[in-house]
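Here the structure of chain D is known, so what remains is to put chain A in place on it, guided by the hints.
Chains D and A, in that order, are what the protein sequence lines are. Counting the first sequence from 1 gives a position; our numbering is that position plus 6. Counting the second sequence from 1 gives a position; our numbering is that position plus 35.
Derived from the structure by calculation, the hints contain no laboratory data. Computed from a prediction, not measured in an experiment: that's the story for all the values here. Where is the CB? At the ideal position from N, CA and C, for every residue including glycine. A few of these clues could be false.
Computed from the model, here is a short list of chain A residues facing chain D with C-beta under 8 Å [unchecked claim]: (1) 67; (2) 69; (3) 77; (4) 78; (5) 80; (6) 81; (7) 84; (8) 96; (9) 98; (10) 131; (11) 132; (12) 134; (13) 135; (14) 137.
Chain residues, written in single-letter form:
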Amino acid sequence: DVKVTQSSRYLVKRTGEKVFLECVQDMDHENMFWYRQDPGLGLRLIYFSYDVKMKEKGDIPEGYSVSREKKERFSLILESASTNQTSMYLCASSLGWTGNNQPQHFGDGTRLSIL
Amino acid sequence: DAKTTQPNSMESNEEEPVHLPCNHSTISGTDYIHWYRQLPSQGPEYVIHGLTSNVNNRMASLAIAEDRKSSTLILHRATLRDAAVYYCILRDPGNQFYFGTGTSLTVIP
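For reference, chain D alone in the conformation it holds in the complex:
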């Protein structure tokens, strides 16, 4: 089975801190994604990557950056955390460019609180 592992289930940080959320997948998938999930808003795409060192903005990239130095790892960075970035963050991966019918495989999420 595909395994997508997020480094922390729960994380508490302070306003202004630089925050790193890590995600690792073990299935050699080309595509990786970061979403945030908020009540009443569903999942919203922050950034995605279809190859090493490649990144594309999603619907809500402001305040975030990403890093993909290795194929299996995709990091989400909050440069200067703010309270409105308190949320559940979900990482996903999928096979890439073999047609648009490949499912995404999700991690169990990181619940991030910014105080």
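What follows is chain A alone, placed relative to chain D:
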């Protein structure tokens, strides 16, 4: 961007079939219809997907309208483990998924 519309919540009795509807009136010809579900405290998991024809797998069936403007996820016998939020999603050729807020399914014992 193509979007989907689902009821906020539905209830079903245990061991009865469940039909979860989804409207996607602006779907394009190349959009696949995907369904995911999210159990409490977990990330979403893939359920089923299709393009034009009805699809069956061990988890569920997907019925797609002839004009593709709507679809229905069918759980043949609901169990308590099926209580989750179900998302109907369109995937565009650019590889992005568009999630809505989903349908929260309650299964009544």
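How the hints compare with the structure:
1. At its closest, the beta carbon of residue 67 of chain A sits 5 Å from a beta carbon of chain D; the interface hint therefore holds under the 8 Å criterion.
2. Of the supplied interface hints, the one on residue 69 of chain A holds, with its beta-carbon coming within about 7 Å of a beta-carbon of chain D, less than 8 Å.
3. This hint holds: residue 77 of chain A has a C-beta 5 Å from the nearest C-beta of chain D, less than the 8 Å allowed.
4. Checking residue 78 of chain A against chain D by beta carbon gives a least distance of about 3 Å; that is within 8 Å, so the hint holds.
5. Against a cut-off of 8 Å between C-beta atoms, the interface hint on residue 80 of chain A holds, since the closest Cβ of chain D lies about 7 Å away.
6. The criterion of a C-beta within 8 Å of any C-beta in chain D is met by residue 81 of chain A, whose closest approach is roughly 4 Å, and the hint holds.
7. A least Cβ separation of about 6 Å between residue 84 of chain A and chain D falls short of the 8 Å threshold, and the interface hint therefore holds.
8. Hint status for residue 96 of chain A relative to chain D: violated, with the closest Cβ pair at about 17 Å, above 8 Å.
9. Nearest Cβ of chain D to the Cβ of residue 98 of chain A: about 17 Å, over the 8 Å cut. The hint is violated.
10. Taken as an interface hint, residue 131 of chain A checks out: its beta carbon lies about 6 Å from the nearest beta carbon of chain D, inside 8 Å.
11. Taking 8 Å as the C-beta cut-off, the interface hint given for residue 132 of chain A holds, the closest approach to chain D being about 6 Å.
12. The closest approach between the C-beta of residue 134 of chain A and any C-beta of chain D is roughly 4 Å, which is under the 8 Å cut-off, so the hint is satisfied.
13. Checking residue 135 of chain A against chain D by beta carbon gives a least distance of about 5 Å; that is within 8 Å, so the hint holds.
14. Look at residue 137 of chain A: its Cβ gets to within about 6 Å of chain D, closer than 8 Å, so that hint holds up.
Checked against the numbered hints given earlier, this structure breaks hints 8, 9; the rest are met.
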